[in-house]
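J.: Sequence:
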Amino acid sequence: MTPPGCADHRHDAGASSRATDGAHLLSFLPGSCRRRAVPGVAVRGKLRPEGDLPAARPLRDRPWSAGHRQAESAIRRQVRQHVTQVVNAMSLPANVHAALCQGQVIPAMPLALDASRQFDERRQRALIRYYLAAGTGGLAVGVHTTQFAIRDPSIGLLKPVLELAAEVMAAEADAGYIRIAGICGLTGQAVAEAGLAADRGYHAGLLSLAAMKEAEEDALIDHSRAVAERIPVMGFYLQPAVGGRVLGYDFWRRFVEIEQVVAIKIAPFNRYQTIDVLRAVAESGRAGDIA
Numbered sequence: 005m006t007p008p009g010c011a012d013h014r015h016d017a018g019a020s021s022r023a024t025d026g027a028h029l030l031s032f033l034p035g036s037c038r039r040r041a042v043p044g045v046a047v048r049g050k051l052r053p054e055g056d057l058p059a060a061r062p063l064r065d066r067p068w069s070a071g072h073r074q075a076e077s078a079i080r081r082q083v084r085q086h087v088t089q090v091v092n093a094m095s096l097p098a099n100v101h102a103a104l105c106q107g108q109v110i111p112a113m114p115l116a117l118d119a120s121r122q123f124d125e126r127r128q129r130a131l132i133r134y135y136l137a138a139g140t141g142g143l144a145v146g147v148h149t150t151q152f153a154i155r156d157p158s159i160g161l162l163k164p165v166l167e168l169a170a171e172v173m174a175a176e177a178d179a180g181y182i183r184i185a186g187i188c189g190l191t192g193q194a195v196a197e198a199g200l201a202a203d204r205g206y207h208a209g210l211l212s213l214a215a216m217k218e219a220e221e222d223a224l225i226d227h228s229r230a231v232a233e234r235i236p237v238m239g240f241y242l243q244p245a246v247g248g249r250v251l252g253y254d255f256w257r258r259f260v261e262i263e264q265v266v267a268i269k270i271a272p273f274n275r276y277q278t279i280d281v282l283r284a285v286a287e288s289g290r291a292g293d294i295a
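In this note's numbering, the protein residues as written are 5 to 295.
These are calculated hints, taken from the structure and not from any lab test. All of these numbers come straight from a predicted model, not from anything done at the bench. Be aware that one or more of the hints could be misleading.
As the list claims (entries may be wrong) - Quick list of simulated restraints, FRET-style, between CB atoms: (1) Lys217 to Pro272: 15 to 23 Å; (2) Gln74 to Glu218: 52 to 60 Å; (3) Gln122 to Val246: 49 to 57 Å; (4) Arg290 to Gln122: 39 to 47 Å; (5) Gly199 to Pro97: 30 to 38 Å; (6) Pro97 to Tyr134: 19 to 27 Å; (7) Gly252 to Asp203: 32 to 40 Å; (8) Gly199 to Ala175: 33 to 41 Å; (9) Gly192 to Tyr134: 18 to 26 Å; (10) Pro157 to Arg249: 45 to 53 Å.
Just so it is clear, CB atoms sit at the ideal spot from N, CA and C, and this is done for glycine as well.
Go ahead and model the full structure; you've got the sequences and the hints to work with.
T.: If you want it as structure tokens, here you go:
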């Protein structure tokens, strides 16, 4: 939606300046957030780097009409609202974050099938209710070994399973119940899955790097950042003892610098590889933020 006063910036000498002022409101966000937060606030079609933005002049010093001033005020309101929505979408609710940091039992939900090996929605709902009644602190959907195949296009169950679980948790779980969705595949697939989960109310994505076993560290970090732009991320260290790959201290130190990383799940079969993760979190200064 085009903000008021910017329907055709080519014929409005003040539009470029007003759009630049709107970009100033994004200066507190990471660069990736600024680029996608307010696509309509642009200078010559794209947001300019923060350092290139000219200093904003106070409204009272500008030789604009009352209409110009009203248009700018409307733009500023829309920018603030949109930025708030983006920030909220990329962070955990306070009660969920607190519960996660306290430590919770978050089981991986198996897939319920009937005798014909078809998805059994009734029994899947019953299984979720069992976990809720048992006192779990959250549920991870799309991460159990029985659910790896649901991403196969010929099966097409990823969306139905995520939606069913989200529906039951929304209706019957407490507000602080932690909803985790599995995120798999190369970057395109992983970003799409992250968007699907975020749109259905999941709080974080458990990010598997299994599809990128041969990728360089830089590529893994870029991949993780791309996913983190869609949903808060829970890292997953699948160590070599169970079919994963070695990810050393340097990787985890860079990984925890991604602001939307909220937790890391470790398969702790090797104490020294596990300590690499713990050191990275501790030395990043985020030990109180990352579960």
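J.: Now look at each hint and say whether the structure bears it out.
T.: Here is what the structure says about each hint:
1. Lys217 to Pro272: 15 to 23 Å: Between Lys217 and Pro272, where Cβ atoms are some 20 Å apart, the hint holds.
2. Gln74 to Glu218: 52 to 60 Å: Holds - the Cβ-Cβ distance for Gln74 and Glu218, about 57 Å, lies within 52 to 60 Å.
3. Gln122 to Val246: 49 to 57 Å: For Gln122 and Val246 the Cβ distance comes to about 30 Å; the hint is violated.
4. Arg290 to Gln122: 39 to 47 Å: holds (44 Å)
5. Gly199 to Pro97: 30 to 38 Å: About 19 Å separates the Cβ atoms of Gly199 and Pro97, which means 30 to 38 Å is violated.
6. Pro97 to Tyr134: 19 to 27 Å: holds (25 Å)
7. Gly252 to Asp203: 32 to 40 Å: Between Gly252 and Asp203, where Cβ atoms are some 34 Å apart, the hint holds.
8. Gly199 to Ala175: 33 to 41 Å: At 23 Å between Cβs, range violated.
9. Gly192 to Tyr134: 18 to 26 Å: Hint violated: Cβ distance 35 Å, outside 18 to 26 Å.
10. Pro157 to Arg249: 45 to 53 Å: Cβ of Pro157 to Cβ of Arg249: about 26 Å, so the range 45 to 53 Å is violated.
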